[in-house]
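Each step along the sequence shown adds one to the number in the numbering used here, with nothing skipped, and position 160 is 176.
It is worth saying that the hints were derived from the structure and are not from the lab. Some hints could be false.
[To be verified] With a Cα cut of at most 20 Å, we get these calculated DMTMM-like pairs of lysine to aspartate or glutamate: (1) 120 with 283; (2) 68 with 239; (3) 165 with 215; (4) 68 with 240; (5) 77 with 240; (6) 77 with 286; (7) 120 with 286; (8) 78 with 283; (9) 78 with 239; (10) 78 with 67; (11) 77 with 67; (12) 78 with 145; (13) 68 with 179; (14) 77 with 179.
Predicted model, so just to flag it, every value in this text is computed and none were measured.
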Amino acid sequence: MTATATRRRRTPDAHAFPTRPYDLVKEFVVALIVVAVLTTVLAAVFSSPDEKSITLSDWAKKAPNDVVATAAGELAGTTTSAGYGPPYNNAATGQTLGPIALQKWAGVRLPVDSAQDLVITPLRAVEGDAALAGAVSTWSSAAGDQQTKWATAYANALTAAPDGNPAAVKPSAGYGPVPVLAAKFLQLARTGGLEGALDASGNFYKGDATRGLLLLSDGAYLEDQARARNLGGDQWGMMNETGNYPGQPWMWLYTFWYQVKPFSTSDNADAQVWALMMVLTLGLVLVPFIPGVRSIPRWVPVHRLIWRNYYRHQT
Numbered sequence: 017m018t019a020t021a022t023r024r025r026r027t028p029d030a031h032a033f034p035t036r037p038y039d040l041v042k043e044f045v046v047a048l049i050v051v052a053v054l055t056t057v058l059a060a061v062f063s064s065p066d067e068k069s070i071t072l073s074d075w076a077k078k079a080p081n082d083v084v085a086t087a088a089g090e091l092a093g094t095t096t097s098a099g100y101g102p103p104y105n106n107a108a109t110g111q112t113l114g115p116i117a118l119q120k121w122a123g124v125r126l127p128v129d130s131a132q133d134l135v136i137t138p139l140r141a142v143e144g145d146a147a148l149a150g151a152v153s154t155w156s157s158a159a160g161d162q163q164t165k166w167a168t169a170y171a172n173a174l175t176a177a178p179d180g181n182p183a184a185v186k187p188s189a190g191y192g193p194v195p196v197l198a199a200k201f202l203q204l205a206r207t208g209g210l211e212g213a214l215d216a217s218g219n220f221y222k223g224d225a226t227r228g229l230l231l232l233s234d235g236a237y238l239e240d241q242a243r244a245r246n247l248g249g250d251q252w253g254m255m256n257e258t259g260n261y262p263g264q265p266w267m268w269l270y271t272f273w274y275q276v277k278p279f280s281t282s283d284n285a286d287a288q289v290w291a292l293m294m295v296l297t298l299g300l301v302l303v304p305f306i307p308g309v310r311s312i313p314r315w316v317p318v319h320r321l322i323w324r325n326y327y328r329h330q331t
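Let the hints inform the model, and build the full structure from the sequences given.
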């Protein structure tokens, strides 16, 4: 008989070992309750608030004057999106890095005509409104200079009115169809139809929110909401979550540069900070190959203090 067979024969039977009752279901239930309670408590203490997304309908209901002013600005071509440049239009050069025009080199990949795509096209899709149809027809048949003149005059009148209230603007033929267009635009936004019209424009799957986001960001309401939650960009920018919550702390080095000059006052801060971070990252990767820098651990042996027990036995 082989040694292997002998060892197998001498192996005790599992039933010969002592046993005791064990309630697996009870352990599972207790563990589930403990984990659920800990998760709830820790989430309540350390999690960030779940802010609901801002819709165009919310915007229209809470800041109607801002919607009207934004519509007039889009028609006048004075909004941020209208003068942004690539990838939406050619109105500006965009971010540059020295002689390299980064945005311009990338080109216009998502063409957006602020007046046409954000205001006129959604209004043109509204049916059964003779006043709106007439205003759209008048606008579309006018020359570009005339359109700009109308919209600029109305936008200036809204700026001069108390709280930007359209009702406080004195009637004038110099506004052309713009007051009607802006009022109908507000009405469409309140119903929730504007968001659907913008998201469906130029997209087969009808889920592109680019135009809706551009429109919302052109108004003052979104920025006001952001600043009310300490998200204005001058308070650590994108690393800060809503309220006083810290957000992603590992991004502090990136967002730190936006708070200091020359980046804090530069129109090309995005490109400049990105380039600086690439240089710093490259420097970190090349630390083992940089004379002097790679010798810092030998000159400043902090690691020996941290691992003192190990080095005590090694010497």
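Do the hints match the structure? See the list:
no. : hint         : result
1   : 120 with 283 : holds, 15 Å
2   : 68 with 239  : holds, 15 Å
3   : 165 with 215 : violated, 29 Å
4   : 68 with 240  : holds, 15 Å
5   : 77 with 240  : holds, 15 Å
6   : 77 with 286  : violated, 34 Å
7   : 120 with 286 : holds, 15 Å
8   : 78 with 283  : violated, 31 Å
9   : 78 with 239  : holds, 14 Å
10  : 78 with 67   : holds, 16 Å
11  : 77 with 67   : holds, 18 Å
12  : 78 with 145  : violated, 25 Å
13  : 68 with 179  : violated, 27 Å
14  : 77 with 179  : holds, 16 Å
Comparing the model with each earlier hint shows violations of hints 3, 6, 8, 12, 13; every other hint is respected.
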